[in-house]
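Read off the chains here:
Number of protein chains: 2
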Amino acid sequence: MKAIIVSENKELIWADSEKPEISDNEVLIKIKATAVNRADVVQKKGFYPPPLGASEILGLECSGIIEAIGKNVKKRKVGEQVCALLAGGGYAQYASCPEEQAIPAPEGISLTNSASLPEVFATCWLNLFHEANMKENDIVLLHAGASGIGTAAIQLCNLFNCKSFVTASTHEKISYCIKLGAENGSLRSNKPFDDIKNWAPDGVDIILDPVGGSYFQDNLNVLSIEGRLLLIGLMGGTKSEINLGQVLMKRQKIIGSTIRARSSIVKGKVMNDLLEKVWPHFKSKKIKPIIYKTMSIENANQAHEIMEKDENIGKLVLKIN
Amino acid sequence: MKAIIVSENKELIWADSEKPEISDNEVLIKIKATAVNRADVVQKKGFYPPPLGASEILGLECSGIIEAIGKNVKKRKVGEQVCALLAGGGYAQYASCPEEQAIPAPEGISLTNSASLPEVFATCWLNLFHEANMKENDIVLLHAGASGIGTAAIQLCNLFNCKSFVTASTHEKISYCIKLGAENGSLRSNKPFDDIKNWAPDGVDIILDPVGGSYFQDNLNVLSIEGRLLLIGLMGGTKSEINLGQVLMKRQKIIGSTIRARSSIVKGKVMNDLLEKVWPHFKSKKIKPIIYKTMSIENANQAHEIMEKDENIGKLVLKIN
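So the sequence lines, in the order shown, correspond to chains A and B. Under my numbering, the first residue of the first sequence is numbered 1, with each subsequent residue one higher. Under my numbering, the first residue of the second sequence is numbered 1, with each subsequent residue one higher.
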């Protein structure tokens, strides 16, 4: 098969690669499309090695048709149109994964576009619901609100009657987020935490934060009593000071959370929740995939460049023939 | 009635005070005994004001007999022997609290001794089970293992088949904790974190920590993947640095947790859990109150001195006539 290989000078090259084999509980997917995540860029640069046993090929999600199943597979069948959460291997013509991580593509969404859904919706669902126990009327702060994760989170907040506030790098992105359903937003460069305090004087209940170090103390300062800070990335560095007096007296929670290295049991629970509680809303058009651009996998370098320049609103989809 | 009043020079004086009134959902308890908590010492010194609406009198727990009930009280009745978790007011002849916070004293334990149970068992239950989701075979680190909270936590770990390791200030305390069921322990003064790493090479699942700042980074270093650090006190200061890279990649949780300011709903759930899941084990003698000394309430100053000098193993009970 063909797959993306990372050259020594970090170019993405569509080249021959070995077709994956499947174990008894896995499915083999003939891939229709994959999508770009920031983690792919970090992995390409050598800073995010895949978890033990995962494919070395980039790509944390895909859509496609099931071509083969292991002998213990019960829920999935050959010929089914699925989208899947992968620990790696999506930038290829074929990928394998445990059956729990592949679920039917949502009705009403093309198979190509459904490649944009697994990683961001699974990450948001895991964090907002499993980790932060989001409830109706919660007040949610979304940093990088126009990212794939941000645009998925805005829509989930709307769907479950929670208010969201975004930070983003441009006015255009903030306007987009507000049209999508965020209540308000603030420029990253323009003291966003003052605006956040004005927006939520009693504090925000949940923060979904890919920034880390440079936002950490400000995040805790705007977090409410019993608020949850979900740390999902480190774009702003790893080091900070912490005031434990505030954490204790406000009974705050700081939760480090990545989805990639989790067990297929956890991933399967999240994917099943998406299938039951989120996928039906694509059909009813209450939510939609937010896709900035769809390109051919041969143009993966350009797609990465768009993400590295932080130009995209929503996802970058890569079609595979 | 009589109650402890804090004088200007921070002496505890048994003096006349106003008998509490009860609201419709509260019970009035004629107190048989109360017990000392570190929070009482901090409150006496003026650093831990009671939550809004709570009694100004010291005392977070008591045992006694229900003397009156509000008109909406359903579970408790006059004449019942109870022990209760209080937001304040235990150092007195009478105290009031929402009915959910008073539960029958455990069978097989004297009413006086049952005054030692509510605060430490509720704190441990809330943190280990509600907050940290403790499961069989979890590996638990207990700082201040010989304290009231520590000795309750050791016993709960045993009861639910979890291994515990303690830190404490003297060899005598560590020996006591090991006899009580801790698997091992280390002196606070003797690089305990090296011992902890040797004891649990893959890290500890849960840390119950009243120390805070001075232990914070070491705590995170010995915490396992998906480990939970429960911050319940700040005896070692409030400030620290934090390595968010570790928190993220290990998917760790840092949880600030005090019980005093929580709603009576949360406290009631915890007390009900204790009644159903812990109290029966006092009767079967699998667990026991750990009481260092029982004194008269008139000697509250001496009791506080013992706690301030960190001499006690387990609880200090104060009898009230």
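Note that these hints are calculated values from the structure, not bench results. Treat the hints with care, as some may be off.
Intra- or inter-copy, both count: the list cannot distinguish identical chains.
[What the hints assert, rightly or not] The calculated DSBU-like cross-link candidates involving lysine-lysine, where the alpha carbons are at most 30 Å apart (straight line), are:
1. K10 <-> K191
2. K197 <-> K135
3. K19 <-> K75
4. K250 <-> K44
5. K319 <-> K239
6. K135 <-> K269
So, going through the hints one by one against the coordinates:
no.: 1; hint: K10 <-> K191; in the structure: neither (35 Å within a copy, 45 Å between copies)
no.: 2; hint: K197 <-> K135; in the structure: within (21 Å within a copy, 38 Å between copies)
no.: 3; hint: K19 <-> K75; in the structure: within (23 Å within a copy, 66 Å between copies)
no.: 4; hint: K250 <-> K44; in the structure: between (40 Å within a copy, 22 Å between copies)
no.: 5; hint: K319 <-> K239; in the structure: neither (38 Å within a copy, 50 Å between copies)
no.: 6; hint: K135 <-> K269; in the structure: both (19 Å within a copy, 19 Å between copies)
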